[in-house]
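Asks: Next come the chains, spelled out residue by residue.
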Amino acid sequence: MLSAGFAVLLGAGAHANTVITLFAGGNAQRPDLLRKVLDRYQQAHPDISVELRTGGATSELQRKYLSTLLNARDTTFDGFLIDIVNPAQYAAAGWIEPLDRYLGADKDKLIRSWLPAYAEASLVDGKVVALPAFSDATFLYYRKDLLDKYKLAVPTSWDALGRDARQIQAGEGAAVPEGLSIQGAPIEGAVCTFLTPYWSQGKQLTDAAGHLTLDKPAAVRGLQMWRGLLASGVLKRNIAEVKTADTVNAFKAGRVAYAVNWGFAFGAFQNDADSQVKGKIGIAPLPAMAGGQSVGCIGGWQWSLSSFSQHKTETVAVLRYLSSPEVARTLAEDGALLPAFSQLYRDTALNAKLPWLQQALPVLERARARPVSARYGEVSDTIRVATSAALAGAQSPEQAVDEVDSRLRRVLR
Amino acid sequence: MTTATLLKEPLPVHPAPPRPRSAWSIGERSLGLLLLAPAILLLALVVLYPVGRLVYASLWDMRLSGGAEAHFIGLRNYADLLADVDVRHAALNTLGYVIVTVPGALIVGVALALVANLSWRVKWPVRLALLLPWALPMSFSGLIFAWFFHTDFGVVNDLLRRLGMAPVSFLLSPTWSFVAVCLASIWKASSFVALIVLAGLQTVPAELYQAARLDGASRWAQFRHITLPLITPSLAVAAIFRTLAALQTFDIPYAMTQGGPARSTETIAMLIQTNAIDYLDVGYASALAVLLFITSLCVSLLHLRRVYREASA
Numbered sequence: 001m002l003s004a005g006f007a008v009l010l011g012a013g014a015h016a017n018t019v020i021t022l023f024a025g026g027n028a029q030r031p032d033l034l035r036k037v038l039d040r041y042q043q044a045h046p047d048i049s050v051e052l053r054t055g056g057a058t059s060e061l062q063r064k065y066l067s068t069l070l071n072a073r074d075t076t077f078d079g080f081l082i083d084i085v086n087p088a089q090y091a092a093a094g095w096i097e098p099l100d101r102y103l104g105a106d107k108d109k110l111i112r113s114w115l116p117a118y119a120e121a122s123l124v125d126g127k128v129v130a131l132p133a134f135s136d137a138t139f140l141y142y143r144k145d146l147l148d149k150y151k152l153a154v155p156t157s158w159d160a161l162g163r164d165a166r167q168i169q170a171g172e173g174a175a176v177p178e179g180l181s182i183q184g185a186p187i188e189g190a191v192c193t194f195l196t197p198y199w200s201q202g203k204q205l206t207d208a209a210g211h212l213t214l215d216k217p218a219a220v221r222g223l224q225m226w227r228g229l230l231a232s233g234v235l236k237r238n239i240a241e242v243k244t245a246d247t248v249n250a251f252k253a254g255r256v257a258y259a260v261n262w263g264f265a266f267g268a269f270q271n272d273a274d275s276q277v278k279g280k281i282g283i284a285p286l287p288a289m290a291g292g293q294s295v296g297c298i299g300g301w302q303w304s305l306s307s308f309s310q311h312k313t314e315t316v317a318v319l320r321y322l323s324s325p326e327v328a329r330t331l332a333e334d335g336a337l338l339p340a341f342s343q344l345y346r347d348t349a350l351n352a353k354l355p356w357l358q359q360a361l362p363v364l365e366r367a368r369a370r371p372v373s374a375r376y377g378e379v380s381d382t383i384r385v386a387t388s389a390a391l392a393g394a395q396s397p398e399q400a401v402d403e404v405d406s407r408l409r410r411v412l413r
Numbered sequence: 001m002t003t004a005t006l007l008k009e010p011l012p013v014h015p016a017p018p019r020p021r022s023a024w025s026i027g028e029r030s031l032g033l034l035l036l037a038p039a040i041l042l043l044a045l046v047v048l049y050p051v052g053r054l055v056y057a058s059l060w061d062m063r064l065s066g067g068a069e070a071h072f073i074g075l076r077n078y079a080d081l082l083a084d085v086d087v088r089h090a091a092l093n094t095l096g097y098v099i100v101t102v103p104g105a106l107i108v109g110v111a112l113a114l115v116a117n118l119s120w121r122v123k124w125p126v127r128l129a130l131l132l133p134w135a136l137p138m139s140f141s142g143l144i145f146a147w148f149f150h151t152d153f154g155v156v157n158d159l160l161r162r163l164g165m166a167p168v169s170f171l172l173s174p175t176w177s178f179v180a181v182c183l184a185s186i187w188k189a190s191s192f193v194a195l196i197v198l199a200g201l202q203t204v205p206a207e208l209y210q211a212a213r214l215d216g217a218s219r220w221a222q223f224r225h226i227t228l229p230l231i232t233p234s235l236a237v238a239a240i241f242r243t244l245a246a247l248q249t250f251d252i253p254y255a256m257t258q259g260g261p262a263r264s265t266e267t268i269a270m271l272i273q274t275n276a277i278d279y280l281d282v283g284y285a286s287a288l289a290v291l292l293f294i295t296s297l298c299v300s301l302l303h304l305r306r307v308y309r310e311a312s313a
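One line per chain: the protein sequences are D and Y, in this order.
The numbering of the first sequence is the numbering used here, which starts it at 1 and goes up by one.
The numbering of the second sequence is the numbering used here, which starts it at 1 and goes up by one.
The set of hints was computed from the structure by calculation and includes no laboratory data.
A couple of the hints might just be wrong.
Unchecked claim - The calculated label-pair distances, taken between Cβ atoms and stated as ranges, are: (1) Y:158 with D:53: 32 to 42 angstroms; (2) D:27 with Y:54: 28 to 38 angstroms; (3) Y:158 with D:47: 50 to 60 angstroms; (4) Y:301 with D:68: 28 to 38 angstroms; (5) Y:80 with D:53: 33 to 43 angstroms; (6) Y:152 with D:279: 48 to 58 angstroms.
Claimed, not checked - Partial list, derived from the structure: chain Y residues whose beta carbon lies under 7 angstroms from chain D: (7) 28; (8) 174; (9) 258.
Think of the CB as a built atom: it goes at the ideal place given N, C-alpha and C, for glycine as much as any other residue.
Given these sequences and hints, build the entire structure.
Replies: Structure representation (structure tokens):
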């Protein structure tokens, strides 16, 4: 704030220096790389300086932080990088301003350049409320070296994964104490832990109008499947304490055979100095429930314009730069963050550098969105608390699903 | 006029000339009000206005999650609140915290104060140790205890493993997590109690103990018949403040368990936060806050009544 004040004072001479302050999520959203691309922008636009702030390591902590600020109509941030689940809620609350009038004739062309899932998530009532920064989905990571050693195929069902994981754990002993790591703590990731086995049975959580269509027996089967993996020791017993970063660290340390995580984790596994699994990582679509079809959870982060910004035109220009193929390429090359632009998946140079883009594309195309709702905060809280309680053994799968059903029935109606 | 008439007739009485009114005596009452004005103004600004605003908001359907404009609904938020199973759970949990942590902190606090009151050669390390838990931010204490009880990295489980026992996932069991949160709260609050009681202990005259020892009173008898009665006023103050704080428990369970597992450690204060920040239901959260405010107010009134009774006694 102080430095922004000084910058304004100093720049008040020949040409005013506009300071744009952006909220950039947490460390997983790679503020270091964003800083790098913004430095390039500032060089090209000396009259603009962009400050980046972060807050909250997980998506729901960031949501709490921003909700507190925006509830009070705070003007600190001109724009923010938010999880794909948030634009609908923020737009309904009037916290983000639609970009249509700033985009003008570019709107349709821009929407067509995004992967379909992002075109869908960025539009609320036909208006563009967000610009995709990078795409993401839940993937199955596996240790190629271990699968080769035990001559195992990449599992396509959770049952097969359980069987294979037990074989690896038995063979490796204390070196690989965990078969599979998922997110069981009551964080945003636990919503996907609940939904992916449910979806893979061909079930939907909501219909096209957003009404709840929860199939309780299918949801119970999904939670029972996790409990089965817990009972057989494939999942660690305190899986209900495990957050996204815990999965990343355990897999990176080579202590886990399989992991469910977001695409951004690939960069950590492959590039971090302390990674024990460099070059040994395979990536695949999530397994399905027996007889079902693999479905991942779509993720990704998007830039939105704050309704309370004092520099809207300048901010939109910065956000359009941050959501451009040029920046997406840098984020992909340097941070293994997946682009949201279809054209980059056809780019030969980028594909040569990141061969796993071609494995990621079908997963992104098939992944499904969590319910789009103005009351997503309640939806998320309900599902993650119940899922974590079932994994902790504090509730039975039936109790947890009953609770999800009775709560969501009031919210998604 | 003779002396006789002078004696017979009463002397004429002149009214006393009016005393010149000084600037200060314009009205002591007005002056008093004038002097109180800044304090009253400040109180109105930081207490009355927010409380009034809160009560006002609690009568509205004020959901920021889109859809309808805010509209007046009277007492409906309060009716919803009475039927809400989450409120019932959170109220029971909060009551549980009060019942467990207030006596817990009093007992541990008195013990700590007694230890600190012994004749130490160097006093400051003892006093510092007493003050430290109180000086730590609440959420920081919560995080320390969350780490203590963590299944993989916690010192408690490390100890269990060294003793050849299986680790326990304390924070994943509804019962254990409640116990863990209470322990953290007691640890944090007992230093506050100890500080108040220590001040009380230092007013107890040493001669009383000397006399008791001459009469052959045991240590326990000295504590029971001298120390305890004389520190009771300090204990009562500590108990009231602790009850008020326990009713508003938020930071420690929020940092340790986020209210889990399955909302088993969620308090009313946490529910207010969830409704206001996660669910963006400002009206309903305000109604919950009014409920908590009234409860706290009742406890404060009990305290005030006691203070007045003592003052008039």
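Asks: Each hint should be assessed against the structure and marked as holding or not.
Replies: Hints, verified against the model:
no. : hint                                 : in the structure
1   : Y:158 with D:53: 32 to 42 angstroms  : 37 angstroms, holds
2   : D:27 with Y:54: 28 to 38 angstroms   : 37 angstroms, holds
3   : Y:158 with D:47: 50 to 60 angstroms  : 57 angstroms, holds
4   : Y:301 with D:68: 28 to 38 angstroms  : 32 angstroms, holds
5   : Y:80 with D:53: 33 to 43 angstroms   : 37 angstroms, holds
6   : Y:152 with D:279: 48 to 58 angstroms : 27 angstroms, violated
7   : 28                                   : 44 angstroms, violated
8   : 174                                  : 5 angstroms, holds
9   : 258                                  : 6 angstroms, holds
Hint violations for this structure: numbers 6 and 7, all remaining hints satisfied.
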